[in-house]
Structures are given as C-alpha cells and as structure tokens.
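J.: Single-letter residue listing:
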Amino acid sequence: MARTTTVVVGAGHCGLAMSRCLADRAIDHVVLERGEVADAWRTQRWDSLRLLTPNWMTRLPGFAYRGDDPDGYMTAPQVARLITGYAAGSGAPVLTGTTVTAVRPRSDGYAVLTDRGAWHARTVVVATGACAAATLPQPAQDLPDGITAVSTAVYRNPAALPDGGVLVVGASASGIQIAQELHRSGRPVTLAVGEHVRMPRTYRGRDILWWMDASGLLDERYDQVPDLVRARHLPSMQLVGTPERATLDLNALTALGVRVVGRLAGFRDGTALFSGSLPNVCTLADLKLGRLLDGIDAWADRAGIGGDHPPQRFPATAVPASVPLSIDLRAQGIASVVWATGHRPELSWLHVPVFDRKGRVVHDGGVTAAPGLYLIGLPFLRRRKSSLIDGAAADAAELAAHLAAHLDTRAGRAPLDRRFDVDRRAG
Amino acid sequence: MTTTATPVDNGVNVEALLGVRDLLPDSPEMARFQWRSTTSWVNGTHSRSDVETFHGFSEEQRHHATFNFDVDHPLQFAAQDKGITPVEYVLVALGGCLTAGIAAVAQQRSIQLRSVEATVTAEMDLHGILGADPEVRNGFSGVAVRYVIDADATRDEVEALVAQSQKRSAVYDILTNPTSVTVEVA
Numbered sequence: 018m019a020r021t022t023t024v025v026v027g028a029g030h031c032g033l034a035m036s037r038c039l040a041d042r043a044i045d046h047v048v049l050e051r052g053e054v055a056d057a058w059r060t061q062r063w064d065s066l067r068l069l070t071p072n073w074m075t076r077l078p079g080f081a082y083r084g085d086d087p088d089g090y091m092t093a094p095q096v097a098r099l100i101t102g103y104a105a106g107s108g109a110p111v112l113t114g115t116t117v118t119a120v121r122p123r124s125d126g127y128a129v130l131t132d133r134g135a136w137h138a139r140t141v142v143v144a145t146g147a148c149a150a151a152t153l154p155q156p157a158q159d160l161p162d163g164i165t166a167v168s169t170a171v172y173r174n175p176a177a178l179p180d181g182g183v184l185v186v187g188a189s190a191s192g193i194q195i196a197q198e199l200h201r202s203g204r205p206v207t208l209a210v211g212e213h214v215r216m217p218r219t220y221r222g223r224d225i226l227w228w229m230d231a232s233g234l235l236d237e238r239y240d241q242v243p244d245l246v247r248a249r250h251l252p253s254m255q256l257v258g259t260p261e262r263a264t265l266d267l268n269a270l271t272a273l274g275v276r277v278v279g280r281l282a283g284f285r286d287g288t289a290l291f292s293g294s295l296p297n298v299c300t301l302a303d304l305k306l307g308r309l310l311d312g313i314d315a316w317a318d319r320a321g322i323g324g325d326h327p328p329q330r331f332p333a334t335a336v337p338a339s340v341p342l343s344i345d346l347r348a349q350g351i352a353s354v355v356w357a358t359g360h361r362p363e364l365s366w367l368h369v370p371v372f373d374r375k376g377r378v379v380h381d382g383g384v385t386a387a388p389g390l391y392l393i394g395l396p397f398l399r400r401r402k403s404s405l406i407d408g409a410a411a412d413a414a415e416l417a418a419h420l421a422a423h424l425d426t427r428a429g430r431a432p433l434d435r436r437f438d439v440d441r442r443a444g
Numbered sequence: 329m330t331t332t333a334t335p336v337d338n339g340v341n342v343e344a345l346l347g348v349r350d351l352l353p354d355s356p357e358m359a360r361f362q363w364r365s366t367t368s369w370v371n372g373t374h375s376r377s378d379v380e381t382f383h384g385f386s387e388e389q390r391h392h393a394t395f396n397f398d399v400d401h402p403l404q405f406a407a408q409d410k411g412i413t414p415v416e417y418v419l420v421a422l423g424g425c426l427t428a429g430i431a432a433v434a435q436q437r438s439i440q441l442r443s444v445e446a447t448v449t450a451e452m453d454l455h456g457i458l459g460a461d462p463e464v465r466n467g468f469s470g471v472a473v474r475y476v477i478d479a480d481a482t483r484d485e486v487e488a489l490v491a492q493s494q495k496r497s498a499v500y501d502i503l504t505n506p507t508s509v510t511v512e513v514a
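Same order as they appear, the protein sequences are chains E and X. All the letters of the first sequence, read from the start, carry residue numbers 18 to 444 under the numbering used here. All the letters of the second sequence, read from the start, carry residue numbers 329 to 514 under the numbering used here.
In short, the hints are calculated from the structure, not lab data. Ideal Cβ placement from N, Cα and C applies to all residues, glycine included. Fair warning: there could be bad hints in the mix.
Ranges of calculated distance between the beta carbons of each label pair, as one might list FRET restraints [as the list claims (entries may be wrong)]:
1. X:Ala460 - E:Pro328: 54 to 62 angstroms
2. E:Asp159 - X:Glu416: 47 to 55 angstroms
3. E:Arg247 - X:Pro402: 22 to 30 angstroms
4. E:Ala320 - X:Asp478: 34 to 42 angstroms
5. E:Leu251 - X:Gly347: 43 to 51 angstroms
6. E:Thr165 - X:Thr510: 45 to 53 angstroms
7. X:His455 - E:Gln241: 39 to 47 angstroms
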C-alpha cells in the first residue's frame, strides 16, 4: 500500500486548487482522477455550453485570466484546456485514469482503494464535484412509454433528440439554455418551471456577476447566512454566457415562442400534469431579483460607482392568463423530455459514516465529523461563490489550513493521549 | 429623546416552530403527521363532520375540543342550507392556511401586521358536477385570492410575505398539485 499524507479525489478545478494549496504548505499529496484532468468538462457538457461566469472571474490559486477577452465566456473545451494548463503549471501530482473504488477509515487516516492499487492517507479531500450524477424528479419514474428522456449530463445538441416537440423540465441555467437551443432548432418547446433564480446578464452597464463580486455578495459566508439549508438548495442562476451578453429569462423565452408551464407534478395516463403554482414562483423570482438589485444600488451609492448608468428595473415575468395544467404528450406531438432538474454528488464509494438520512454528507464548511476528511466544490460550501470556479481558491485555502492544523494536532497529541490513559488507569 | 423599538408581536411563536425544525434532523419521524375527520350523513345533502384527533410529534394528539362542521348545499340547490358547501370549505381552508402563513412569516421577518383581509373566490362550471358536459371538470377552473394588508412594511415586503406564505402553504400545495386519493368501503 502506497502512503501519502493527503489524497485528493478528483482533478477538476477544485481538486487542483486544493493540490496547489497543499503544495504551498509542503503537504505531501496525490490527486487521483478517474479520467483526464477536467474530465467532466470534456465528457459531461452539451456542445453549446459556455461558462456562466466571465473570463476575468476564472481565478484559481496562483492563477488569473490574462487573455484578451476578459468579458467573454469560455466554452467547455476552453475550460478543459485552461484547467489542464493549470494542472501542468502547478506541477500537480495527478494520477489520471485512476478510479477510486472505496475510501474507508483506518488507524491514523484512510485506506483509499483504486482500480490501480491502494493508498494509505492521513487525510482525504473529496473533490469529485456537486454534479457527478443527474437528479431526476419523482415523476421521472412514471414517464410514459415511447418518450425519449435525457438529462443535461447526457444531452449534447438538438440533433440527438427524436423529431417532434420537447418538454424541458427545469428552468435553471441549463434548462433555459437548452429550451432556447431546442426552440431555435425548430422544435416546439414546453418549459416546466418551478422555483428559479431570475437574473439579468448585465446591469447598469456591467456583468451582473461583476456587481455580485464587487459588492461582496459572492463572498457571503456559510456561517453568516440566515438560512443555510435554503441557500445551499437554491437553483442555479438563470444565466447564459453569449458573445452578445444577452439576458435569457422567462420573458425572453416566451417572446421567442417557448411555452411556459408550471412545475412538472407527475404523469397520468400519458398526460403530463403541471402545478398551478407558476404565478407564485414567478412572483418569488421577480421579488428576489428586486431585492438583489436594491442591494446592488445601495452598495453602488455607497461606493460611488455606476453614476453613468442609472438603476434599472425589469418588467415583471409575464404569466399567460391561461397556462395548461395538463398536456397529453402524444396528442401534442411531444416526443422527448429533457431533465434539467439538477445534479448531486456521487459518493457511493465513500464508506465513512458522515451521511445524513438522505445520503448527503454532513459537513461544516467542507469539514466533516470524520477527522481528516474534507469536501470541496459543493454549493455554498463556505461562501456563496463556492459553486463557481472563482470560489475554489478561498475555500481551498481555508480547508488546507484546517487540514494542516489537523495534521499538527495529530502529530502533537499522540503522546498526550497516552499520558491521559495512564492517568485514568492510575485513578 | 430616545425611541425604543416595540417588539414585533403577531401572536405567532416562531421560536417554537423553528425549534421543531431544529429537532427534525435527529428524529425525522416526529414530522410524520396524520390529519383526520369523520363525516356522518344527516339527511339529504346535509352531513356533519367532526374533527378531534390527529397524530404527530410521534404520538396521538387531540384538539382541546371536538370541532363540528355542518356541510350542506344552499336553498337554490333545493337543499336545506344547514351549512356551507364542501367547495366553500376548500376556500376557508386556503384562506386560513395562507393567512396563518403570512402571520408566521411576518413574525419571522419582524414585520408588525395590523390587519390582514383575504377574499377568496373560485370559479366553477356546474356543467361538470351535473354531468351535463363531459369536457368540463367538476372542480374549480380557477381560484383567486386577494389580500388587503396593513403592516409596517413596504409594498415589496408585503408582496414577499404573501409569496413566501404560498410557497410554504399546505393547502396551496394541495390545490395546485395532484394528490393521490383512495376511497374504500369497509
């Protein structure tokens, strides 16, 4: 069994950011990667996808974007190239083509089993990502026969779907982007909309993420938000990265001709049933956007920024007077469903008792109750930007500091513990 | 001159509700509730429903009294009008649920309410229940709730209260989403 101080599982941007921070602290480690570096960016992204964050926000420990298009948005292959270059530039000790099959607690650390040999590590950092598996909603198991279904992890482009109409389920970033692309390919698109986070691409002349970054909103910490459960379960922002910096919200999709309906509630006898809650989820999103812009305007006033561009407010989401509550898929020529209903980590190989009753890892800002076991790259792990590439640097730095302190404590405490044992026996 | 902020009091014990939420991760079974009512036919379209017990917080529970509800149809339906119609109880339930939610959310957000008035209306086409047109559903074709709220808050804050109340309302969910219903004869 090979030995190392830290095994980092996953060589995406989070695992590599962690590797860089560990190297800075001279902590001996290895990064195990089942595929290539930045594998998900090579294998699990649809063709037209671009980052939601502008290029200048592509910052990692010891790395900042220095290209000639700071306001542009990278394609998935560009992200993969960037991360691969970062790994090489950092000299990250990555073992590619190495799938971790099990992690188990051992004395003084963990046994990490892989398809290419076993490791003993005193600490483990899980960096396999928040999006390792698609989350399908409850109705997915009742999908009528003869309807093709794909998740956003599998979807590549409109040509891969059968002819006919498409029901896109979910109106976060991926759902709205795919709905638009499918509509443009000439297919009638119905978009099922639950709770969503409405967002303009630009505000007062700048990228909305510039405002969120500059005003400190993205730095908001997990131990300071009033309702962390809610913050961690917020759907992704309705954003798309295009050269035109266009806003893609429900009003834009409706104007294109996409039919917007309520949240998918179920299927019955080949008929899709939709919730009557569409007006309220739209109102919730409009009000939430209003509060965001109020906060940005207040910050801009204090900071003396944005004088050339006065505050803007956007029209309320227009919900048609009559929205269908049920659609007979076959009768209306809908041949496929795209599940754009979110993702979850895939951690069935982690045999450490750190899961709650719903199979989610319990952690405090990425620090689990199992000493020396850490997670990185989950939504709102330590701050609002934790799910963005730009969030990895701060999270990795803090987790590396915690990990280093854990190693120090372990090293220092062993003799102390023995002395206490002796004392207890004497008593 | 100094001013002392008056504590917001809408009569909702939010701490108790949040306390329950904090207990749930360790004992999720506490959250499993069963609501019950019994209904006895009296005569004609008149029946009486009693509500007394429920199950929740891991044990049998009881209201402080047995509540009775007469259900009937109005004179215009050639009935005796001994009580409101079943569909009107649905409106009562929705208005009560949303209004309770508004009070709770306002308390949580430190918004003092002075008055909250809801008007609940529902549209229905009798062709459905009379079996006169198979294309018309029995139930409501639409439900509308109109709130008039006087509170120490901006219009946006009041709208957010009402929106959040819908988001967390059981009856709103029951009305807007399909629910499995089984009816059997003992």
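J.: Taking each numbered hint in turn, which are not upheld by the structure, reported in ascending numerical order?
T.: Hints 2, 3, 5, 6 and 7 are the ones this structure does not satisfy, whereas the remaining hints hold.
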